[in-house]
Amino acid sequence: MARMNWDKIRKEAQMKRYGHEPVAWSAGEELPYTGKPVDVKSKPHEKQKPKKKVKRVCTLTDRVFLYLHDVVRCDLIGVEIPPIPKEIEVPLESLIASKGGVLEWAKTHPKYEKIRKRKEKKLLKKHGEVAPHTLNQHYIEGIKDDPVTAYNNKMQEYRSEQEVWREKILDAEKTIALATDHINSLDKRIAKLEKLADPAFTLRENSTYEDI
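Following UniProt numbering, the numbering of the sequence shown begins with 1 at its first residue and continues without gaps.
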């Protein structure tokens, strides 16, 4: 039986496939002809899932800082200082009381001067070169358009309305409870009358309707 020349067969297969004799590495490894593209099977890329948008949560520190901005603005334009928001009322109440008031607390804050100068600069730029203590005369007409003041006014309005409706809910719940008790009482009376109307039912001697 003739011995198979595997080297020759392999080279012929390479010639048939690539149309060129394979190029040998120094280590004896063969490379295919580079003139013809070679299909390389690869795993398809997985579609990247869209990143979830992380909604920033307004922390207690953020709310205190926003309130500080509001206090500085109101003091600067000469209007009433807004009340402490309910979200920060508990942690701030004792601190503000120890400082002697909201404005005094704001003035002791490390960022007070920086915030005041920045807001003063913006107001002067908007209303002209006027003294800070007279800014309220120029700004008071547009106070309704001030977003922070409008926010506080609306918030106070909604909270007041919320309290009114809470009271209405409590009154309604009491009325519903009384009505439910009355309905249950009527159900019992109806059941007694139905029992009396049954021909198979007879009252015991010396018994009354209330004994049923």
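The reader is advised that the hints may include incorrect statements.
Label-pair distances were calculated between CB atoms; the ranges are [what the hints assert, rightly or not]: (1) ARG159 to LEU103: 21 to 27 Å; (2) ARG63 to HIS182: 46 to 52 Å; (3) GLU161 to LYS188: 20 to 26 Å.
Derived SDA-like pairs (lysine to any residue); straight-line CA-CA distance at most 20 Å [said to hold, decoys possible]: (4) LYS122 to PHE65; (5) LYS192 to LYS174; (6) LYS117 to ASP181; (7) LYS188 to LEU178; (8) LYS126 to LYS192; (9) LYS111 to HIS69; (10) LYS99 to LYS122; (11) LYS154 to LEU66; (12) LYS126 to PRO110; (13) LYS122 to GLY78; (14) LYS154 to LYS99; (15) LYS126 to LEU76; (16) LYS114 to GLU104.
Because the hints were derived from the structure by calculation, they are not lab data. Glycine is no exception: its CB is placed at the ideal position from the N, C-alpha and C atoms.
Hint-by-hint comparison with the structure:
no., hint, verdict
1, ARG159 to LEU103: 21 to 27 Å, "holds (23 Å)"
2, ARG63 to HIS182: 46 to 52 Å, "holds (47 Å)"
3, GLU161 to LYS188: 20 to 26 Å, "violated (41 Å)"
4, LYS122 to PHE65, "holds (19 Å)"
5, LYS192 to LYS174, "violated (28 Å)"
6, LYS117 to ASP181, "violated (65 Å)"
7, LYS188 to LEU178, "holds (16 Å)"
8, LYS126 to LYS192, "violated (82 Å)"
9, LYS111 to HIS69, "holds (10 Å)"
10, LYS99 to LYS122, "violated (28 Å)"
11, LYS154 to LEU66, "holds (16 Å)"
12, LYS126 to PRO110, "violated (26 Å)"
13, LYS122 to GLY78, "holds (16 Å)"
14, LYS154 to LYS99, "violated (28 Å)"
15, LYS126 to LEU76, "holds (14 Å)"
16, LYS114 to GLU104, "holds (16 Å)"
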